[in-house]
Amino acid sequence: MRQRRAEHWKISLISGFALLCGIVFCVAGASLLSGYSPSEQDAAARLVPPSREHPMGTDAFGRDVLSRTLYGGRTTLISTTVVLTVALLTGITVGLLTGINHDTVIDVVFMRLIDVLMSFPFIILAMVVIALFGASLLHLLAVVAAVWWVPFARLTRSIVLQKKSDTAVEAARVLGAKTSAIAIRELLPKVVAPVLIQATFELGNLVLSISALSFLGLGAQPPTPEWGSMLADGRAHFFESPHVLMGPAIFMIATVLALNMIGEGLRDWLDPFEIIRM
Amino acid sequence: MKNRDVMLSVSGLRVSYFQNRKKSNILNGISFDLKRGELLTVLGESGSGKSTIAKAITGLLPPSARLSGEMSIDDETALSLSDATASDWRSIRGKKVAMIFQDARQSLNPAVKIKRQFAEMLVYHRLGSREGVTKIILETLKALHFNDPERVLDSYPFQLSGGMCQRVCIAMSICLQPLLLIADEPTSALDTVSQREVLALLEEIKRGFGQSILFITHDIAVASAVSDRVVVLNKGSITEAETPERLFSNPKHSYTKSLIDARNFPCIHQDRPAPALAAPVLQIRDLGKCFSPDTPVLKNVNISLYQREILGILGQSGCGKSTLSRCIVGLEKAQRGEILYDGMNVLGLRGRRRRELCKHIQLIFQDARASLNPGYTAMQIVLEPLRYLKIVPARQRQELARSYLGEVGIDGDTQNRRPPQLSTGQCQRVAIARALIVKPDALICDEAVSALDMSLQGQILELLLRLHERFGFGILMISHDIRVLRSFCHRIAVMQAGEFCEICGGGSELKESTHPYTQLLLSCEKELEESYYSKINLMAD
Chain A
6 MRQRRAEHWK
16 ISLISGFALL
26 CGIVFCVAGA
36 SLLSGYSPSE
46 QDAAARLVPP
56 SREHPMGTDA
66 FGRDVLSRTL
76 YGGRTTLIST
86 TVVLTVALLT
96 GITVGLLTGI
106 NHDTVIDVVF
116 MRLIDVLMSF
126 PFIILAMVVI
136 ALFGASLLHL
146 LAVVAAVWWV
156 PFARLTRSIV
166 LQKKSDTAVE
176 AARVLGAKTS
186 AIAIRELLPK
196 VVAPVLIQAT
206 FELGNLVLSI
216 SALSFLGLGA
226 QPPTPEWGSM
236 LADGRAHFFE
246 SPHVLMGPAI
256 FMIATVLALN
266 MIGEGLRDWL
276 DPFEIIRM
Chain B
36 MKNRDVMLSV
46 SGLRVSYFQN
56 RKKSNILNGI
66 SFDLKRGELL
76 TVLGESGSGK
86 STIAKAITGL
96 LPPSARLSGE
106 MSIDDETALS
116 LSDATASDWR
126 SIRGKKVAMI
136 FQDARQSLNP
146 AVKIKRQFAE
156 MLVYHRLGSR
166 EGVTKIILET
176 LKALHFNDPE
186 RVLDSYPFQL
196 SGGMCQRVCI
206 AMSICLQPLL
216 LIADEPTSAL
226 DTVSQREVLA
236 LLEEIKRGFG
246 QSILFITHDI
256 AVASAVSDRV
266 VVLNKGSITE
276 AETPERLFSN
286 PKHSYTKSLI
296 DARNFPCIHQ
306 DRPAPALAAP
316 VLQIRDLGKC
326 FSPDTPVLKN
336 VNISLYQREI
346 LGILGQSGCG
356 KSTLSRCIVG
366 LEKAQRGEIL
376 YDGMNVLGLR
386 GRRRRELCKH
396 IQLIFQDARA
406 SLNPGYTAMQ
416 IVLEPLRYLK
426 IVPARQRQEL
436 ARSYLGEVGI
446 DGDTQNRRPP
456 QLSTGQCQRV
466 AIARALIVKP
476 DALICDEAVS
486 ALDMSLQGQI
496 LELLLRLHER
506 FGFGILMISH
516 DIRVLRSFCH
526 RIAVMQAGEF
536 CEICGGGSEL
546 KESTHPYTQL
556 LLSCEKELEE
566 SYYSKINLMA
576 D
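Top to bottom, those sequences are chains A and B.
Just so we're aligned: the first sequence equals residues 6 to 283 in the working numbering.
Just so we're aligned: the second sequence equals residues 36 to 576 in the working numbering.
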């Protein structure tokens with residue numbers, strides 16, 4: 006029984022990593038795998054079904070779907086990574102800050118801000134911001150990052166609240182550690198593993214959300230390829246030539262699957278509850 | 036081979052774990068019989084595998100454990116431990132075997148009153164109907180001489196003392212009328228007064244109910260006081276099995292001898308003069324602290340710790356002695372009074388000035404392992420305070436840390452191990468080195484040896500004493516253990532319900548105290564000691 010569980014996380018983690026590496030490799034080596042430029046239009050070859058020249062066919066403007074998918078992956082993957090990094094750093098910092106200064110003004114202010122962000126529909130917020138500042142990928146990423154730190158902050162804060170009365174943390178205080186030293190040397194190591202595990206799950210969500218907003222036309226603007234906006238463009242021709250949607254859809258599903266598998270594997274391996282209790 | 040007198044028979048019990056493909060044996064083929072109505076004690080130090088025995092015969096070991104051997108309860112067919120199924124264990128637990136643990140409060144549900152927990156258990160085991168169950172409970176508690184059973188039943192576990200919780204647990208398990216009661220270190224977490232009550236209760240159920248009891252302990256005095264027979268366990272093997280009289284008066288095995296020797300602590304009163312009580316390091320005046328308005332933890336605490344003095348604070352659990360130590364180092368805020376270090380009030384200091392105080396007052400925690408960051412090596416841990424307080428130039432820190440670790444007996448490769456790879460004693464040594472490296476004037480030891488085995492207690496106390504003579508800091512020794520304080524302290528302050536009721540000298544002076552509370556604490560200790568020494572001295576007579 007125990008043995009089988011141990012195998013389970015290994016399979017999940019390794020295959021997830023392999024899949025993600027494959028995707029990253031394809032996206033990074035886009036120019037090698039596809040002979041076409043992502044924005045090169047060929048009026049003679051519109052909505053061509055998959056063939057030898059175009060393995061995934063072409064879209065309504067005669068652009069190669071494969072190369073657009075691969076180049077679009079760059080936009081999507083890089084922007085999610087950037088957003089996640091910003092969100093992680095902000096979330097952990099806010100979580101440590103509020104957890105350590107529990108029940109002070111800082112804590113109350115941040116927690117109420119988090120309440121507001123949690124209760125505000127994310128898509129509506131994005132639309133308002135885009136309406137005010139104009140549609141661009143950068144604005145979109147800024148909005149996503151401004152919202153996405155919340156789950157990390159809450160998780161970090163709850164761990165800190167639980168851990169800060171630990172004997173080891175109190176011992177550090179007695180030894181003369183500054184609050185910042187306690188945060189970094191004693192509390193941060195206990196926060197990292199659970200937060201990273203949550204981050205892998207959130208990353209999958211993030212890919213979907215950024216694509217969803219691009220699908221609504223709030224993100225990457227044409228002709229920049231992006232999975233979400235490609236889906237939006239292909240929607241009109243879905244019934245006569247469904248191949249237009251295939252590329253981004255397959256890659257998006259594969260990415261989210263890979264990330265969730267990694268998250269699942271990490272969680273079983275590191276068992277956050279085990280870590281929190283430690 | 037059937038024997039009507041034998042209640043529990045265990046033969047060839049082996050338990051091992053596989054970790055990183057390495058096999059580690061916990062028990063190497065243990066065999067023993069527990070007779071009907073007998074109290075059999077398993078005596079051993081931590082890590083000897085004594086709790087593993089209790090878990091093995093109740094099927095509570097984790098699935099990663101490999102076990103073999105046989106056991107039979109009440110003369111039934113022998114059960115092979117390696118093939119026992121979940122339903123086998125269910126038929127054993129509760130009905131045939133009941134178990135009580137070290138921390139009784141944790142085994143009770145904190146959100147439910149005792150009466151309901153008691154009743155639920157009886158109804159579940161079909162020992163009473165919902166209506167009639169209260170009567171059964173009250174009768175049991177009265178039979179067991181509980182004072183005021185109604186109040187106990189109407190309380191939540193957190194409203195009762197640890198000792199009372201343990202007695203409730205014992206009463207609950209007795210109600211099930213088990214064939215065998217296993218008590219796993221039931222008194223180790225208790226102070227002497229509660230310990231006496233729990234031991235008396237066990238004695239009572241053995242006599243009154245003819246209950247067979249398997250008692251597990253590391254305390255040789257407790258073992259001598261209660262048991263009919265003692266099994267000494269060392270590193271997973273039984274070294275000796277004897278009646279306490281014969282075992283302690285005439286130990287055959289060298290391990291048993293070493294256990295008996297370990298009870299003799301280093302005593303500071305033999306050849307060393309007491310320090311002059313001239314210059315106080317710490318003065319505590321009218322200190323008051325409460326967690327909620329109507330329950331004061333500390334009321335008007337007045338005491339001074341002098342240079343080179345070892346001052347003991349003695350009290351039962353819950354009397355506020357730990358809170359006092361936490362107030363001194365600034366982990367808790369006191370509401371009233373003052374704590375003077377070097378004439379300056381340090382109460383309520385914050386920021387840089389509080390950290391400055393850390394150079395002068397240091398604290399050692401009860402659970403040394405928990406007080407060390409598991410991610411750092413012993414070396415890094417000892418470097419920590421130097422880095423925080425910037426006492427010595429960075430270049431000399433390594434050298435200083437190495438010398439302090441050497442001083443406490445952590446040498447060579449051990450300095451690069453992390454707390455999970457260190458033994459409990461080594462962890463406490465590292466904690467001592469870490470506290471002393473800042474050269475404090477006062478060292479507060481909050482139950483620093485209470486969780487350790489006798490032999491380790493002796494070693495740590497000896498180490499503290501040696502360092503104390505060498506560096507001359509004052510020690511504030513907080514403990515519920517009279518023996519430790521009596522042999523180790525120059526003066527002992529007795530604390531009762533948040534106040535000092537008496538301050539007297541250590542050593543034999545403590546015995547002459549006339550204060551009723553001190554007398555109560557002493558009498559509990561004396562009973563145990565007398566029963567122990569009476570057995571030790573049998574041979575001499």
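Source of the hints: derived by calculation from the structure; they are not laboratory data.
Please note that a few of the clues may not be correct.
Unchecked claim - Using 30 Å as the maximum straight-line C-alpha spacing, the simulated BS3-like pairs for lysine-lysine come out as follows:
#1 B:LYS474 - B:LYS292
#2 B:LYS90 - B:LYS150
#3 B:LYS270 - B:LYS287
#4 B:LYS561 - A:LYS168
#5 B:LYS241 - B:LYS570
#6 B:LYS425 - A:LYS183
#7 B:LYS57 - A:LYS15
#8 A:LYS169 - B:LYS241
As the list claims (entries may be wrong) - Some but not every residue of chain A turned toward chain B, in silico, with C-beta under 7 Å:
#9 ALA173
#10 GLU175
#11 ALA176
#12 LEU193
#13 PRO194
No residue lacks a Cβ here, since even glycine has one placed at the ideal position from N, Cα and C.
Tell me, which hint numbers fail for this structure?
-> 1, 4, 8 and 12
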